[in-house]
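Line by line, the protein sequences are chains A and B. Taking the working numbering, the leading residue of the first sequence gets 553, the next gets one more, and so forth. Taking the working numbering, the leading residue of the second sequence gets 553, the next gets one more, and so forth.
It is possible that some hints are incorrect.
Covered by chain B, per the in silico footprint, the following chain A stretches (three or more residues, Cβ under 8 angstroms) [stated by the list, open to error]: (1) 601-607; (2) 698-712; (3) 756-767; (4) 863-870; (5) 913-927; (6) 977-987.
Not the full set, but computed from the structure, chain A residues with beta-carbon under 8 angstroms of chain B [said to hold, decoys possible]: (7) P735; (8) L737; (9) G882.
Rather than coming from a laboratory, the hints here were simulated on the basis of the structure. Virtual Cβ for every residue (Gly too), placed ideally from N, Cα, C.
Each chain, letter by letter, is given below.
Protein chains: 2
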Amino acid sequence: MASTVDHVIEARWVIPVEPAQVVLQHHAVAIAAGRIHEVLPIGEARDRFPGARRTELPAHALIPGLINLHTHAAMTLMRGLADDRALMDWLQNHIWPVETRLVSAEFVHDGTLLACAEMLRGGVTCFNDMYFFPEAAARAALAAGMRATLGIITIEMRSSYASDAGDYLSKGLAAHDSCKHEPLLSFCLAPHAPYTVSDATFERVATYASELDMPVHIHLHETEDEVRESERAHKLRPISRLLNLGLLGPGLIAVHAVHLTPNEVGLLAEHGCHVAHCPSSNLKLASGIAPVATLNERGVNIGLGTDGAASNNRLDVFAEMRLAALLAKGASARATVLPAHAVLGMATINAARALGLDDRIGSLTPGKHADMTAVNLDAPELSPCYDPLSHLVYAAGREHVTHVWVEGKSLVEDRRLTLLDPRDLAAKAAHWQTRIAN
Amino acid sequence: MASTVDHVIEARWVIPVEPAQVVLQHHAVAIAAGRIHEVLPIGEARDRFPGARRTELPAHALIPGLINLHTHAAMTLMRGLADDRALMDWLQNHIWPVETRLVSAEFVHDGTLLACAEMLRGGVTCFNDMYFFPEAAARAALAAGMRATLGIITIEMRSSYASDAGDYLSKGLAAHDSCKHEPLLSFCLAPHAPYTVSDATFERVATYASELDMPVHIHLHETEDEVRESERAHKLRPISRLLNLGLLGPGLIAVHAVHLTPNEVGLLAEHGCHVAHCPSSNLKLASGIAPVATLNERGVNIGLGTDGAASNNRLDVFAEMRLAALLAKGASARATVLPAHAVLGMATINAARALGLDDRIGSLTPGKHADMTAVNLDAPELSPCYDPLSHLVYAAGREHVTHVWVEGKSLVEDRRLTLLDPRDLAAKAAHWQTRIAN
Numbered sequence: 553m554a555s556t557v558d559h560v561i562e563a564r565w566v567i568p569v570e571p572a573q574v575v576l577q578h579h580a581v582a583i584a585a586g587r588i589h590e591v592l593p594i595g596e597a598r599d600r601f602p603g604a605r606r607t608e609l610p611a612h613a614l615i616p617g618l619i620n621l622h623t624h625a626a627m628t629l630m631r632g633l634a635d636d637r638a639l640m641d642w643l644q645n646h647i648w649p650v651e652t653r654l655v656s657a658e659f660v661h662d663g664t665l666l667a668c669a670e671m672l673r674g675g676v677t678c679f680n681d682m683y684f685f686p687e688a689a690a691r692a693a694l695a696a697g698m699r700a701t702l703g704i705i706t707i708e709m710r711s712s713y714a715s716d717a718g719d720y721l722s723k724g725l726a727a728h729d730s731c732k733h734e735p736l737l738s739f740c741l742a743p744h745a746p747y748t749v750s751d752a753t754f755e756r757v758a759t760y761a762s763e764l765d766m767p768v769h770i771h772l773h774e775t776e777d778e779v780r781e782s783e784r785a786h787k788l789r790p791i792s793r794l795l796n797l798g799l800l801g802p803g804l805i806a807v808h809a810v811h812l813t814p815n816e817v818g819l820l821a822e823h824g825c826h827v828a829h830c831p832s833s834n835l836k837l838a839s840g841i842a843p844v845a846t847l848n849e850r851g852v853n854i855g856l857g858t859d860g861a862a863s864n865n866r867l868d869v870f871a872e873m874r875l876a877a878l879l880a881k882g883a884s885a886r887a888t889v890l891p892a893h894a895v896l897g898m899a900t901i902n903a904a905r906a907l908g909l910d911d912r913i914g915s916l917t918p919g920k921h922a923d924m925t926a927v928n929l930d931a932p933e934l935s936p937c938y939d940p941l942s943h944l945v946y947a948a949g950r951e952h953v954t955h956v957w958v959e960g961k962s963l964v965e966d967r968r969l970t971l972l973d974p975r976d977l978a979a980k981a982a983h984w985q986t987r988i989a990n
Numbered sequence: 553m554a555s556t557v558d559h560v561i562e563a564r565w566v567i568p569v570e571p572a573q574v575v576l577q578h579h580a581v582a583i584a585a586g587r588i589h590e591v592l593p594i595g596e597a598r599d600r601f602p603g604a605r606r607t608e609l610p611a612h613a614l615i616p617g618l619i620n621l622h623t624h625a626a627m628t629l630m631r632g633l634a635d636d637r638a639l640m641d642w643l644q645n646h647i648w649p650v651e652t653r654l655v656s657a658e659f660v661h662d663g664t665l666l667a668c669a670e671m672l673r674g675g676v677t678c679f680n681d682m683y684f685f686p687e688a689a690a691r692a693a694l695a696a697g698m699r700a701t702l703g704i705i706t707i708e709m710r711s712s713y714a715s716d717a718g719d720y721l722s723k724g725l726a727a728h729d730s731c732k733h734e735p736l737l738s739f740c741l742a743p744h745a746p747y748t749v750s751d752a753t754f755e756r757v758a759t760y761a762s763e764l765d766m767p768v769h770i771h772l773h774e775t776e777d778e779v780r781e782s783e784r785a786h787k788l789r790p791i792s793r794l795l796n797l798g799l800l801g802p803g804l805i806a807v808h809a810v811h812l813t814p815n816e817v818g819l820l821a822e823h824g825c826h827v828a829h830c831p832s833s834n835l836k837l838a839s840g841i842a843p844v845a846t847l848n849e850r851g852v853n854i855g856l857g858t859d860g861a862a863s864n865n866r867l868d869v870f871a872e873m874r875l876a877a878l879l880a881k882g883a884s885a886r887a888t889v890l891p892a893h894a895v896l897g898m899a900t901i902n903a904a905r906a907l908g909l910d911d912r913i914g915s916l917t918p919g920k921h922a923d924m925t926a927v928n929l930d931a932p933e934l935s936p937c938y939d940p941l942s943h944l945v946y947a948a949g950r951e952h953v954t955h956v957w958v959e960g961k962s963l964v965e966d967r968r969l970t971l972l973d974p975r976d977l978a979a980k981a982a983h984w985q986t987r988i989a990n
């Protein structure tokens, strides 16, 4: 099949993520029709695929595209609107009033487009989203050329998007239906949180998840208040409630998972649930520190999420990698936990597994789609370089990303977006800033 | 004195840091002979200083140069050499053997020069250093045009630099003497740590500090082991030991200050001691989380440090600002502590105060030296911008720094270093990497 290889990307280092810890020196990735055909030494690639287009990355690490396992992409429009506030003050007095007043399909489209630009420039090729008007987010992701999993959001509260939980579900399912032929898009059920979703709605979510074979993406055990409120209203902690409702399973992506008893860690492990760890957001909103070292040791699959830009204030998976690695060490008092390669795995293959996409993305493995990110490690702040894996997590930042491809298509080239126009994005951001600030 | 203004820097926002929380829109800083002459509206500056050179920064925040209150600059050469290891394994099996084998004046000069390049590109204009061969670090800082406080390091162990504590002190004092006419350099006493310095040496340090009116810079209460070892050897915790030795006072910069009893927080406050908070290093080495919210509420003056690049692995004060703000919220369970403006104060005026340099640097105040950093806030990942102060801490990174001045002299211009040559730095780093890795 050598004749089908149309593009060869040569890099100083290729880090395939699977197998873990492997760093291939002076290797190339050969791409055929948007898929990874082979990973091989540069010299061999030049001999075998002389007719293919060639991209040379002489000081770069080539890695799988990063995956943001939890975000509310459109909330970029509220980035930095209200910092340094307690969670409920932040939500009730700042975020929710803006959402009530302004959120629309256009808002979601424009905010998500801005998020895509930010994420792509930061080496993120796929995001798992939860927000109103998912069909508008889908349009933005497609315009940006990004891969996305869109949440079929469900919440009991009326909004400009839907009137009640059933209306959310049917609108989300319709969005899913209208996008089913888009190869870059997938969907998950996204019941908002234990305190905003009823048992009856959770049961419908469980039914759809099973019928449609979709993951379920939910904020879970984020704050002590959430757990206490559940104990008051349901006489159960949220995880036990979801267990009773049949929602704990290998399709569940538990976002945050900060406040867990050892028994709850065991339940997540036993049922094959995934965790979307969002360290920046958990710290910024003072929710706490998730017991990531323990979850990891118990075999729970953990990915990384940025949460929305209103509580982070970045959609920066490099920042989450570094913080996850540092925080797990500091919180567990063990400097050896979450080594660099494990954290890079969280941001790639683990997240792909949580989304049920690990047959397609998450590692540089022949047969998978060519979703890839190149990071230039030639800079004074990255010098010297003893171990590129260490640099990716501890020293480099998203600003060192130079190239990004999704399905082999170039979306960032020498740090420039190929499909999106920064001036158009700036104009959209300015438009919404004026309306939000008013 | 209008005639003496030779340069006017116009910015979208000028954030003087003193007074706190002030954000001046469309203001300019007028500079005369390397000092800040006046901060005033752009239009007024154009009228009053028509002959001065003009720099326009239409999307930028102009802030005081950041100050790195604790580093071992030359350790850039060991960046990423040995990650994910416990502190004593890291020191004894990786860092100390390299230091024993290779550290020399040339090593320190080259490593410090690389550190200066990294720090300048990240908006840092001044650093407080502790390492062997401080005269070599001084030469590098001067070559880079940076301001530095150099530690007169003292430790009981023989090294390639000095044979015993007395030898360290006399060599450091000689370095101080040889640099005393350099306006950008100052010195402090730098007894390494409670577990490596004897009572007799601490007494000499206290004497010199008092005679020479110099700050004292020491690793203090970094780990539980350090505290336990002191209790075993001295029947005292380190802070109580330093109190007895006369070292607690407004000249003391306590680096790390992670493991503190409420009584010890009180002692630091009562004696006017300063803390150099190094959140990345404390997490990465699993030392713990410093009680910064409490220290701050008790009135202890806190600055930020990166520590060395071998345990961070960045000399990035933007990263420390963000982490300090997030971690204090997460660890104290209060989202309102350490708001953005307070953290920017830590990285500027507070650190200047700790170094005894607050009459010269740390804020954009007429009469102070023009040590300044410009941050371009026009990027998709910084858009929209409701509050530039928030963006500086939560959303921006060192990559958004475009211009840096020290005493009005341009050291970074459109992200390019004006005095240092990146190719030369890369060659030096490669040279040492080969020798270290062997």
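Taking the hints in turn, this is what the structure says about them:
1. 601-607: Violated, because only 0 residues of the segment 601-607 of chain A bring their Cβ atoms closer than 8 angstroms to Cβ atoms of chain B.
2. 698-712: Our answer is that it is violated, as 0 residues pass the Cβ test (under 8 angstroms) against chain B, missing three.
3. 756-767: The restraint on the segment 756-767 of chain A is violated, since only 0 of its residues have a Cβ under 8 angstroms from chain B and three are required.
4. 863-870: Holds: 5 residues of the segment 863-870 of chain A have a Cβ under 8 angstroms from chain B.
5. 913-927: violated (count 0)
6. 977-987: holds (count 6)
7. P735: violated (26 angstroms)
8. L737: Violated, because the Cβ-Cβ distance from L737/A to chain B comes to roughly 22 angstroms (cut-off 8 angstroms).
9. G882: holds (3 angstroms)
Hint violations for this structure: numbers 1, 2, 3, 5, 7, 8, all remaining hints satisfied.
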